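S.K.: Residue numbers (the UniProt record's numbering), protein chains in the order written: chain C, 1 to 289; chain R, 1 to 279.
Be aware that a few hints might be false.
[As the list claims (entries may be wrong)] Derived lysine to any residue pairs resembling SDA-like cross-links, with alpha carbons at most 25 angstroms apart:
(1) LYS123(C) <-> LYS213(R)
(2) LYS123(C) <-> ILE258(R)
(3) LYS213(R) <-> ALA270(R)
[Unchecked claim] Listed below are several chain C residues computed to face chain R (Cβ distance under 10 angstroms; list not exhaustive):
(4) ALA34
(5) HIS98
(6) LEU105
(7) TYR231
(8) PRO238
(9) LEU269
[Claimed, not checked] Covered by chain R, according to a simulated footprint, are these stretches of chain C (three or more residues, beta-carbon under 8 angstroms):
(10) 22-30
(11) 124-132
(12) 218-230
(13) 257-266
The hints are simulated quantities; they were obtained by calculation from the structure and are not laboratory data.
Just so we're clear, the structure is a prediction, and the values are computed from it rather than from any experiment.
Every residue, glycine too, gets a C-beta built ideally from N, C-alpha and C.
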Amino acid sequence: MRRRVAENLVAYGFLSAALVCFAVFSWYPIARGAVLGFQQVDFVDDPVWVGWENFERLFADPLFATAWRNTLLFTALALVFGFAVPFLLAVVLNELRHFRAYFRLIVYLPVMLPPVVAALIWKWMYDPGPGLLNTALRGLGLEGAAWLDSADTSMLSLVVVATWANLGTATLVYLAALQGIPGDLYEAAELDGASVWRRLWHVTVPQTRFVLLVLALLQVVATMQVFTEPYVMTGGGPEDSTVTVLLLLYRYAFYYNDFGTASALSLLLLLVLGAFTALYLRATRKADA
Amino acid sequence: MRTLIAPGRSRAGHTVALVVTAVVLTAVFVVPLVWVVLSAMKPAVELARVPPTVLPETWVPGTYAEAWDLMDLGRYFRNTLVVAVGTWAVQLAVDVPAAYALSRLRPVLGGGILGAMLVTLMMPASVLLVPTYLTISDLGLLDNPLSLWLLGAANAFTVFLLKRFFDQLPVEVLEAARIDGAGQLTMLWRIVLPLSRPVLAVVSIFAVVAAWKDFIWPLLVFSDPARQTLSVALQRFAPDTPVNLLLAGLVLSSVPMIGLFLVFQRHVLAGLTAGSVKG
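Excised from the complex, chain C in its bound form:
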């Protein structure tokens, strides 16, 4: 009995630093966040309970709907590009017999860049005049675009940057998954007369289904929280076309010092992301079991 107590004391000694860090920087903020959404908080006065007022203020803000619309647009575009492109890229790379190490290296290179650096490089490449992008398009005989300076293309331009900077991760994960597919499945399908496309659809996709699902869910949760690209590249403009939910949250908290309303927006974001996170956890648990 006494030994059991001593063992537990030792174990909790080992755990103590982590428990303190989690308590102060995770568990307490989670609880505090739930309360803050219903309070009026600034650095001057003590917090005051205001009920649903913060939410009402949010709903009355015309930028609220804009921010959600922009964020959903970003997430949808990022899902199309950031999901399909790496998968197809992985399928192609898996077929190639040479330069594999080189391909793996270069697609992952941008992932190592600090996001701010990637954003600033691309901001310069988007320059309608001497920018690399329009120069390349003109070289191909196409007309350039205003990219970040037009509300029509601004969000798309941000998605391109985010995809460019991050697709290396997904590509390499897919590549690993593709290498785990038993070769005789393809052989059997081919003997049955299945075309390349049918083999892709009936062998490759089902065999990598789990990885595809998990990365799609992760992608949604990550892109719904997009902040760095719009903050650094457009500041939300032009014409509020790149104001995202997180950018709005940042403005409420750190421009207006209205931490309560910012927290209310966090809670709404949690509500939306919670569903995707729950799906993600269910998917990974099933795979672990």
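Since the structure of chain C is already known, use the hints to place chain R on it.
M.R.: Just chain R, lined up with the frame of chain C:
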């Protein structure tokens, strides 16, 4: 190994696909970076010209040194290094013993504690932005790298990864050490850590890369310009810095992470598959 398309079926087709892929991927992922490196060496006037020159007509390699001095990059490198190395050291010092306790010592409520840690992974980071910021502020840790170190230590994913690895260590070795009279600290330090090099490498690289790339937390925490990290300082400088100097600064600040990647490629890529699928 047999893949989607039968090998050797069409050699010409394979060559065409190889060349097309090589050209496209190089154009998309390498050309922009080379372009930035070269453009930083053009004088400002040449840089603004339409259409742009490919190779600088006038080479000004001194831009790099000038950018380093003008933006005081040495200071921001040092600040970023302090954040990254501190986050790494504190994260390991806090999370390794915790994972060891959860995996090997099995205290009362251990399962519940691990569960409560993993729940934090369900919380999207941005949702905790405001309450965590206010907590840091209440503790008087604004403008103090300690806040980022401790925040980084509360990393459930690291604890989870370490615990899973410790779970799989051979029991015999640990038993033998215990019979030889090793205490838990000795056991962790002398037996478990040396056996855990692979997972420690992965966790370390993750910690350093994440800290180096992080933007939003340093942005919130460091309002004092003298303490900011590279990312925060660069975006602050961006609007008022001549483009060639800014580009040189961007290149210089990318070098450490790219270098780290080139050296530790194998570990980084191994961590990738360990990390993203088995979250």
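S.K.: Each hint: holds or not?
M.R.: Evaluation of the provided hints:
Distance restraint check for LYS123(C) and LYS213(R): the Cα-Cα separation of roughly 18 angstroms lies within the 25 angstroms cut-off, and the hinted pair is therefore satisfied. About 21 angstroms separates the Cα atoms of LYS123(C) and ILE258(R), which keeps this hinted pair within 25 angstroms; it holds. Pair hint LYS213(R) plus ALA270(R) holds up; C-alpha atoms about 19 angstroms apart against a cutoff of 25 angstroms. At a threshold of 10 angstroms, the smallest CB-CB gap from ALA34(C) to chain R is about 9 angstroms, leaving the interface hint in force.
Proximity of HIS98(C) to chain R holds as hinted, the smallest CB-CB distance being about 6 angstroms (cut-off 10 angstroms). The closest approach between the C-beta of LEU105(C) and any C-beta of chain R is roughly 7 angstroms, which is under the 10 angstroms cut-off, so the hint is satisfied. Hint status for TYR231(C) relative to chain R: holds, with the closest Cβ pair at about 8 angstroms, below 10 angstroms. Checking PRO238(C) against chain R: minimum C-beta separation of about 16 angstroms lies over 10 angstroms; hint violated.
A cut of 10 angstroms between beta carbons decides the hint on LEU269(C): the least distance to chain R is about 6 angstroms, and the hint holds. Proximity of the stretch 22-30 of chain C to chain R, defined as three or more residues with a beta carbon under 8 angstroms from a beta carbon of that chain, is established by the 8 residues found. Under the rule that three or more residues need a Cβ within less than 8 angstroms of chain R, the assignment of the stretch 124-132 of chain C holds, with 5 such residues. Coverage of the stretch 218-230 of chain C by chain R holds [criterion: at least 3 residues with CB-CB distance below 8 angstroms; count 6].
Given as covered by chain R, the stretch 257-266 of chain C passes the check, having 4 residues with a CB less than 8 angstroms from a CB of that chain where 3 are the minimum.
Going down the numbered hints, you'll see the structure goes against just number 8.
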